[in-house]
Amino acid sequence: MSLFVQSLVLGILLGGLYALLAAGLTLYFGVMRVVMIAHSAFLILAAYLAWVFARETGLDPLFSMVATVPLFFVLGVAIQRLLIARLRPATLTMMSVLLTFSIALVIEGLLGYVFTGTQRRIQLPYGGADIEVAGVNVAVVKLIAFGLAALSLLALYLVLTRTRFGQALRATIQHPEAARLVGIDTERTAGYGFGIGLATAAVGGTALALDSTIYPSMHWHWIGPLMAIIVVGGLGSIPGAAIAAMLLGMGQALLQIPLSTTWAQTIFYVALFVTLMVRPQGFFGGRLAQRF
Amino acid sequence: MTVPTGLRLTALAVLSGLVLAACISGGDDPGTEGGDDTITIGISLPLTGDFAEPGKGVQQGYEAWAAYTNANGGLLGRNVELTILDDQSSADRVAADYEKLINDDGVDLVFGPFSTRLVIPAAQVAQDYGFLFVEPAGAAPEVFAQGFDNLFYAAPAVADDHYDHLADAIEAMPAAERPTTAAYAAMDDPFAMGTAYGLKARLEAMGVTTVADEVYPPNTTDFSSIAAKIANSDADIMVGGTQYQDAVNLILALQQLNYQPRMTAFSTAPTNPEFPQAIGDKTEGILSPTGYTPEAAYPSNQEFVEFYTEEYGTAPGEDQANAWTTGQVVAAAVEAVECAEPEPECQQQLIDWLRDNEVETVVGPLSWDAEGRPQGAHLIQQYVDGRIRIVLPADQAEAELILDKPVW
Chain A
1 MSLFVQSLVL GILLGGLYAL LAAGLTLYFG VMRVVMIAHS AFLILAAYLA
51 WVFARETGLD PLFSMVATVP LFFVLGVAIQ RLLIARLRPA TLTMMSVLLT
101 FSIALVIEGL LGYVFTGTQR RIQLPYGGAD IEVAGVNVAV VKLIAFGLAA
151 LSLLALYLVL TRTRFGQALR ATIQHPEAAR LVGIDTERTA GYGFGIGLAT
201 AAVGGTALAL DSTIYPSMHW HWIGPLMAII VVGGLGSIPG AAIAAMLLGM
251 GQALLQIPLS TTWAQTIFYV ALFVTLMVRP QGFFGGRLAQ RF
Chain B
1001 MTVPTGLRLT ALAVLSGLVL AACISGGDDP GTEGGDDTIT IGISLPLTGD
1051 FAEPGKGVQQ GYEAWAAYTN ANGGLLGRNV ELTILDDQSS ADRVAADYEK
1101 LINDDGVDLV FGPFSTRLVI PAAQVAQDYG FLFVEPAGAA PEVFAQGFDN
1151 LFYAAPAVAD DHYDHLADAI EAMPAAERPT TAAYAAMDDP FAMGTAYGLK
1201 ARLEAMGVTT VADEVYPPNT TDFSSIAAKI ANSDADIMVG GTQYQDAVNL
1251 ILALQQLNYQ PRMTAFSTAP TNPEFPQAIG DKTEGILSPT GYTPEAAYPS
1301 NQEFVEFYTE EYGTAPGEDQ ANAWTTGQVV AAAVEAVECA EPEPECQQQL
1351 IDWLRDNEVE TVVGPLSWDA EGRPQGAHLI QQYVDGRIRI VLPADQAEAE
1401 LILDKPVW
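Line by line, the protein sequences give chains A and B. Mapping to the numbering used here: the first sequence position 107 is 107, numbers consecutive. Take the position in the second sequence, starting the count at 1, then add 1000; the result is the number in the numbering used here.
Isolated chain B (complex conformation) (with noise of 0.2 Å):
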């Protein structure tokens, strides 16, 4: 096929000027967004993908938090509003997503996506513009180990200080009703081996000899060997670095053997609401570190769980209490410096006063390292009189901690 050379030269010339017009057009785009009554936040998501369930929870979480805002007269003055896309839980997607937010959309804020895979990509993004990026979910030890200077964790604690109230409790019981023998049994996974071994460091510190240390695959599905080897340890402390099925297995496993540690400890299982329906009337004095619960008699906190409550019906879990948590660390440098623009001038105010103070937030008082690290430690929680209750730190507890577990 013959094309005559004016068709074609007509062609490229209405085609350029189509491009051209297009540049024009996107040029002028961030201005006409966000005027000075609004606050746009922007937040990419995994809505779809691998991690949409606890993405959902986020999305609630942020949701919820700009609605109480702007219920409340808004920030600053101004009303929020939150931009949120979907990276459909990959890592390529999300830094393309807070490109997009920053460059073509012109947010003044942003806010963290969920999961470490997704939380470091973002994370660099936003460093690269010089913006604050507060995160609710990524504590693995590589996010604050990427020499991110704008990147705050917006919960209690990292894995590794799970435990620490549990410890100081252990430290402050006089040196004869101390354990004197602990064993521990970890996934092996960055988080459970975390909480496990943070607590073991500690212990081993004041003097409680380690006589069984098992790391098991998360694909193991019998746990009768490795409570054979704890039971004939027989330690006086129990620690586990669980998640779900391996803590639920691994108990049975150890009542089986008629194993009766003096304390026990597992991460994440006993705050499951199934956890108790699997194990039945055995979990008196079982120990579990939580980031997060409604109970929690934080001020703010209450506030959260009546208003979230009315919205959706149920109470608030951990992933929105973490991001309703990053909204609140966020508003907090926004009204301290009384900005909330993205020029870096802006952003370094906000950065600065968040690295040298403290936030009142849902989940408690949240203090951080120059690498991001929140400075706290988890509640610690345990089943007393057959319910799951707050019992350390003293000043939540909601019962008294129980020292000498019963026979399980």
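Bound-form chain A, shown alone (with noise of 0.2 Å):
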């Protein structure tokens, strides 16, 4: 019983990750019809980035978010602006694949050639602290990366449905041509959502880097599980990619407990075909997938 109630626990603390770490990736694809192959890899960059400050200021590295989601979101404008609006709306879908691809090629190059590819770890005062409630371990690390995942979907879901801003993308989102002709500039809104989406990569990579040991390639590990949730929470929608989110973290975390590891990860993949087969839309979202 205690196993259980401990597993459900650090399900729902990795749900929160993953549903952080999912939300940018959502967003792209809901704006721009774009598959960022790179999302983690930018998660990786950020996460690299938290090392580094930390080593270098010995502070938390929590506060290397002052200039990495800034940083984030800028880089994310000039990536949207300069590479991704380059490409022919047409074969947009496929060929942001190729393009995302070789982006994330790049960083994880660059990362090695940087910082070798040794493989680092932030030590914290506090990595192995916990905090003990009802019998049940809640590591301290894991809840400030949830209460981070938190506050920043809070944060996106207030900007999106609250502002004039969130309006005009909501506006991109659903219907390009009629947010065009009630006057929204769809491609400077475009810019934008980008730019908020790598923002989520920041928080996201340094939540990561809290409780991870990090090194250039650890991209690929994470990409395929978060396309997976952003399909089976309906490729757009936030919300719906912070509830698959929470449900495979959960699923995988209790899965572990009568099988191994390996059939627990599989979780992930066999959402992903029963959402393919049964509802490719997606299970909580719109109904975006359908022109994809």
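For the record, the hints were derived by calculation from the structure and aren't laboratory data. Every value quoted in this text rests on a predicted model; they were computed, and no experiment measured them. Be a bit skeptical, because a hint or two may be false.
Stated by the list, open to error - Far from chain B by the CB rule (all over 10 Å, computed), these chain A residues:
1. 3
2. 10
3. 52
4. 105
5. 195
6. 243
What the hints assert, rightly or not - Here are some chain B residues the structure puts well away from chain A; computed CB gaps all over 10 Å:
7. 1038
8. 1050
9. 1063
10. 1205
11. 1253
12. 1274
13. 1280
14. 1282
15. 1315
16. 1405
Said to hold, decoys possible - So the derived label-pair ranges between C-beta atoms look like this:
17. A/217 - B/1104: 37 to 45 Å
18. A/147 - B/1399: 41 to 49 Å
19. B/1146 - A/81: 57 to 65 Å
20. B/1313 - A/150: 46 to 54 Å
21. B/1049 - A/90: 52 to 60 Å
Note that the Cβ used here is the ideal one computed from N, Cα and C, for glycine as well.
If you follow the hints, you should be able to join the two separate chains into one complex; please do so.
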């Protein structure tokens, strides 16, 4: 029983992290039909920047976000305006896979060149600390990562629903032509949307760095599960991605009890296949996937 | 375009003449190399490609050994000369390289390449020509399952035996004080699993109950669920068959669940200089097997470390040490039977001698079974007072083994 509750708690914490890491990915697709393979590479880049920051200044890596979040936003806008906007609309989705794949390789190569392939971990004074609640141990670092995820997703939700920019972004997601007719500059909105997506990668990467050993090629291990999450959640739907991330994270942690790690990991791909067979537009999202 | 028949015939004749001349001049090549005053040793190494990093380490070890041997009177009074080819980490090339070394270059002896994948095809070529084949890397079980009778692995132990000294120490404890339950977590990799399951077999034979046994794929990044199962089992001893990042992540995840084993051992990771930087001050009492450490007190090791550090400016690592060991093993056989010729009779004498004798090396005394498996075990190191020290076996110990691990 205690193992079940402990695993459930670990699953919820893991699901929260997955939700944050997948949020940006679904946003890119929603706004621009871009499959952003390099998203997880940017996560690792942010994690490395957090590690360098902590090593050089001795401060908590969380403070690195003061620099990385704006930096990644600007980088995102630049990538959209300078690279992705140049792809032909007819083949945008397919070509974006190739383009962002190459960006991922460039980031991985540069990380390896600058920091070498040595596996790094930020040593935190609270790295192994835990809070015990009713016989369940909750790691402090996981709680912080979960808190970051919850805050960022809430902020993202408020931006999208409560601001004029958010309305413009959602209009661009729902119907770009109609959005243009009512006077929205969809090109600029798309650029900012991409920037926001990449800014979530800065937050996600920092959260990841708190409780992971990082190395340049680590992003390949992340992109698969994250892609599965956004398809199950419905491409373009942030609440859908969050719900799917939570369910799959919990599923993975709980399946670990009766099954081995190898089989517990396949839950992402089983969920992906089932979704594509039964409900290709995703279980929680809108109708975007039908156009894919 | 038409070419007069006479011209064609002339061209053909000239061409045949050239081919013939090439054959003749190629034929007497071996005789010109490696005169009586030198012993040439042929080696193929992955100097580029996937295994370039360790390949270069092995090269440094071989070159340091040759320089040291020549500075100390050579082998049988003759100078040693290495012929090193680059196999680009390719299994096809490594076989062709050894063919060339033995046939065209007429080397007197061969040393092995790096990694299991390259050792097997290379050993096959050496076997076909009856050459002795001592290799510095290739510990996986399949290396010894090919039926080679010329192969010797120049390292202390195959993966399954890495923890033997620790198992002996636990067996020596009074039965009431031994751990009674054990948890295992191993990466799905022949080497990592071999280390953990080698100890598992020994502990189970002593009556230690296995209460958790987890195998995870190499791409696992989240270890919290595995840690939850191990913590829930509350095993007395926790054994990790690990590489690097998996051990670090698993240890942190176990600490986060406040699981406190009485003993814990992980392969590979704890001997990495990055390890204490990642784990912080909670390393005390963590055990790890190690194939080589410059601190080991074997007589020839001190000379090796001194010579190597002078040549290269840094202390040697495991790759360099295994290469040096290969040199020591072959040299011991050559000195004993007093021959170093490519002829099958001499090579067979070298093989037979190694089969029956023990060799003193920088990784300790080595002897082999019929398939070439070394019969030793790895040194056991432990974090004592914040530093990794040799604790087992007792005659090599730098610090006393901590049996009850402090809280982490």
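Comparing the hints with the structure gives:
With a least CB separation of 4 Å from chain B, residue 3 of chain A falls inside the 10 Å interface cut-off, contrary to its annotation. The Cβ of residue 10 of chain A does not lie farther than 10 Å from every Cβ of chain B; its closest approach is about 5 Å, which violates its non-interface assignment. Against the 10 Å criterion, residue 52 of chain A stays outside the reach of chain B, whose nearest CB is about 14 Å from its own CB. Listed as a non-interface residue, residue 105 of chain A keeps its Cβ farther than 10 Å from every Cβ of chain B; the least gap is roughly 17 Å.
Non-interface status of residue 195 of chain A relative to chain B is upheld: no Cβ of that chain comes within 10 Å, the nearest being about 27 Å off. Against chain B, the non-interface label of residue 243 of chain A holds: every CB pair exceeds 10 Å, the least being about 20 Å. With a minimum CB-CB distance of about 39 Å to chain A, residue 1038 of chain B clears the 10 Å threshold, and the non-interface call stands. Consistency note on residue 1050 of chain B: stated as away from chain A, and its beta-carbon is indeed over 10 Å from all of that chain's, at 12 Å minimum.
The claim that residue 1063 of chain B is not at the interface with chain A holds, since no C-beta of that chain comes within 10 Å of its own (minimum 24 Å). For residue 1205 of chain B, the shortest C-beta to C-beta distance to chain A comes to about 25 Å, beyond the 10 Å cut-off, and the non-interface label holds. Annotated as non-interface, residue 1253 of chain B brings its C-beta within 10 Å of a C-beta of chain A; the closest such distance is 8 Å. The claim that residue 1274 of chain B is not at the interface with chain A is violated, since a C-beta of that chain comes within 10 Å of its own (minimum 6 Å).
Listed as a non-interface residue, residue 1280 of chain B fails to keep its Cβ farther than 10 Å from every Cβ of chain A; the least gap is roughly 5 Å. Listed as outside the interface, residue 1282 of chain B is inconsistent with that label: its C-beta sits roughly 6 Å from the nearest C-beta of chain A, within the 10 Å cut-off. In this structure residue 1315 of chain B is separated from chain A by more than 10 Å, as the shortest Cβ-Cβ distance comes to about 18 Å. No beta-carbon of chain A comes within 10 Å of the beta-carbon of residue 1405 of chain B; the shortest separation is about 14 Å.
The hinted window of 37 to 45 Å between residue 217 of chain A and residue 1104 of chain B holds, with their beta carbons roughly 40 Å apart. Checking the proposed 41 to 49 Å range against residue 147 of chain A and residue 1399 of chain B shows it holds: the Cβ atoms sit about 42 Å from each other. Checking the proposed 57 to 65 Å range against residue 1146 of chain B and residue 81 of chain A shows it holds: the Cβ atoms sit about 59 Å from each other. In this structure the supplied range 46 to 54 Å holds for residue 1313 of chain B paired with residue 150 of chain A, their Cβ-Cβ distance being about 52 Å.
In this structure, residue 1049 of chain B and residue 90 of chain A break the distance hint of 52 to 60 Å, their C-beta atoms being roughly 41 Å apart.
Hints 1, 2, 11, 12, 13, 14, 21 from the list above are not met by this structure, while the remaining hints are.
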